[in-house]
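Going down the list, the sequences are from chains A and B. Number 193 in full-length UniProt numbering belongs to position 193 of the first sequence; there are no gaps in the numbering. Number 24 in full-length UniProt numbering belongs to position 24 of the second sequence; there are no gaps in the numbering.
It cannot be assumed that every hint is accurate.
[Unchecked claim] 25 angstroms max Cα-Cα, derived SDA-like pairs, lysine to any residue: (1) A:K55 / B:D47; (2) A:K53 / B:A17; (3) B:K53 / A:E41; (4) B:K25 / A:G151; (5) B:K25 / A:K168; (6) B:K53 / B:C74; (7) A:K134 / A:S69; (8) B:K168 / B:D80; (9) B:K25 / A:G18; (10) B:K128 / B:K168; (11) A:K91 / B:R29; (12) B:K53 / B:D80; (13) A:K55 / B:A44; (14) A:K168 / A:K55; (15) B:K25 / A:Q43; (16) B:K25 / A:R98.
[Unchecked claim] Computed far set for chain A versus chain B, every beta-carbon distance over 10 angstroms: (17) P115; (18) A117; (19) N118; (20) R132; (21) S159; (22) E187; (23) T189.
[Stated by the list, open to error] To list a few chain B residues with every Cβ distance to chain A over 10 angstroms, as calculated: (24) D39; (25) S122; (26) R132; (27) T189; (28) E199.
Hints were generated in silico from the structure; no laboratory data involved. Ideal Cβ positions, reconstructed from N, Cα and C, are used throughout, including at glycine.
Here are the chains, one letter per residue:
There are 2 protein chains.
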Amino acid sequence: MALAYDGPVQRLIDGFAGLPGIGPKGAQRIAFYLLSASDDEAQALADAIREVKQKVRFCEICGNVCEASPCPICSDPRRDRSVVCVVEEPKDVMSIERTREFHGLYHVLGGAINPMANIGPSDLAIPKLLDRLKSDEVEEIILALDPNIEGEATVTYLSRLLSPLKIKVTRLASGLPVGSDLEYADEITLGRALQGRREA
Amino acid sequence: MALAYDGPVQRLIDGFAGLPGIGPKGAQRIAFYLLSASDDEAQALADAIREVKQKVRFCEICGNVCEASPCPICSDPRRDRSVVCVVEEPKDVMSIERTREFHGLYHVLGGAINPMANIGPSDLAIPKLLDRLKSDEVEEIILALDPNIEGEATVTYLSRLLSPLKIKVTRLASGLPVGSDLEYADEITLGRALQGRREA
Numbered sequence: 001m002a003l004a005y006d007g008p009v010q011r012l013i014d015g016f017a018g019l020p021g022i023g024p025k026g027a028q029r030i031a032f033y034l035l036s037a038s039d040d041e042a043q044a045l046a047d048a049i050r051e052v053k054q055k056v057r058f059c060e061i062c063g064n065v066c067e068a069s070p071c072p073i074c075s076d077p078r079r080d081r082s083v084v085c086v087v088e089e090p091k092d093v094m095s096i097e098r099t100r101e102f103h104g105l106y107h108v109l110g111g112a113i114n115p116m117a118n119i120g121p122s123d124l125a126i127p128k129l130l131d132r133l134k135s136d137e138v139e140e141i142i143l144a145l146d147p148n149i150e151g152e153a154t155v156t157y158l159s160r161l162l163s164p165l166k167i168k169v170t171r172l173a174s175g176l177p178v179g180s181d182l183e184y185a186d187e188i189t190l191g192r193a194l195q196g197r198r199e200a
Numbered sequence: 001m002a003l004a005y006d007g008p009v010q011r012l013i014d015g016f017a018g019l020p021g022i023g024p025k026g027a028q029r030i031a032f033y034l035l036s037a038s039d040d041e042a043q044a045l046a047d048a049i050r051e052v053k054q055k056v057r058f059c060e061i062c063g064n065v066c067e068a069s070p071c072p073i074c075s076d077p078r079r080d081r082s083v084v085c086v087v088e089e090p091k092d093v094m095s096i097e098r099t100r101e102f103h104g105l106y107h108v109l110g111g112a113i114n115p116m117a118n119i120g121p122s123d124l125a126i127p128k129l130l131d132r133l134k135s136d137e138v139e140e141i142i143l144a145l146d147p148n149i150e151g152e153a154t155v156t157y158l159s160r161l162l163s164p165l166k167i168k169v170t171r172l173a174s175g176l177p178v179g180s181d182l183e184y185a186d187e188i189t190l191g192r193a194l195q196g197r198r199e200a
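Looking at chain A on its own, in the form it has when it is part of the complex (with noise of 0.2 angstroms):
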């Protein structure tokens, strides 16, 4: 016997493994539940899959997923047209939605500026960001990046770019995470958090 699995069960096993998060042990360990699964739930997998890519398109204002572009935010009058905060990804909106702090629009980058991978502010939705600020709708730009070094250049990047506009540019508070543990928090967390100190 070969060392490896035969054909349909290696083909699936590397199809997982190239998928983020996902090693090769972890993907041998998909594809045998997957075997012993239910036909209906390995039916169900596949088919969300392909529906996903048939269905889900990217808003041609924001970037976000959406089924019907534009997306279900742009597209609602009750959001706030003053205010559009800028991420990263698709799943950043998910979270700042589920914070019920944020009522404006969003602007979807596509990633952030990284040199080690080649990725620069062409690569990223930033000319269609300075489109939608032609409108004069726009009074504050909120940048929600990643607070890594990559997130830290394109905020950069971005406010001085966007400094001749005269539009407010804000950017996320850095700080200790709220039910954290000042004895465990990094020192540039915690440097953050003493030079964003606040009145009590």
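Using the hints, position chain B against chain A.
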């Protein structure tokens, strides 16, 4: 906007979140990866899931996964029919094949005895194992079960069950993993390594 994704995206996230080793965040990451992936890549994964459910069977003799039953190992005339290695899952067959140290046949139990999960001897391929032993061909049974509570319980159960049959019943050696560090070995493993010490 609702605080869940549109239908197809949420169905895909739910589908992945139901797989072993994938949590809700990981499922979301995979779903968005597939959304941005090429149609071909997504299609290949959906096809691999369908294909494996359509084509892959379990060997009627040993219970291993295969495209044709009996499996290539059971039908290989060069394999030593006097030794049967009993494992929990089909993936364990592959792990042992990769050692290139074993040339006998396998028997896949389909799990281990686990009273907490309501898995008893009758839920495993134990009657099938006893049937195979009726032929007098088998001289040794190697119990290659996982070295955890359930595996140990199954080893104890099987060695008692097989003792009247006058077949040699062996089990895998416990001890320090090759390439590991004595300092980081847990007490039980180190104790087993001491008990099983050999002349150097």
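A quick look at each hint next to the structure:
no., hint, in the structure
1, A:K55 / B:D47, "holds (18 angstroms)"
2, A:K53 / B:A17, "holds (18 angstroms)"
3, B:K53 / A:E41, "holds (10 angstroms)"
4, B:K25 / A:G151, "holds (20 angstroms)"
5, B:K25 / A:K168, "violated (33 angstroms)"
6, B:K53 / B:C74, "holds (22 angstroms)"
7, A:K134 / A:S69, "holds (21 angstroms)"
8, B:K168 / B:D80, "holds (15 angstroms)"
9, B:K25 / A:G18, "holds (17 angstroms)"
10, B:K128 / B:K168, "holds (18 angstroms)"
11, A:K91 / B:R29, "holds (8 angstroms)"
12, B:K53 / B:D80, "violated (31 angstroms)"
13, A:K55 / B:A44, "holds (17 angstroms)"
14, A:K168 / A:K55, "violated (36 angstroms)"
15, B:K25 / A:Q43, "holds (22 angstroms)"
16, B:K25 / A:R98, "holds (14 angstroms)"
17, P115, "holds (21 angstroms)"
18, A117, "holds (14 angstroms)"
19, N118, "holds (16 angstroms)"
20, R132, "holds (19 angstroms)"
21, S159, "holds (26 angstroms)"
22, E187, "holds (26 angstroms)"
23, T189, "holds (20 angstroms)"
24, D39, "violated (6 angstroms)"
25, S122, "holds (18 angstroms)"
26, R132, "holds (19 angstroms)"
27, T189, "holds (20 angstroms)"
28, E199, "holds (33 angstroms)"
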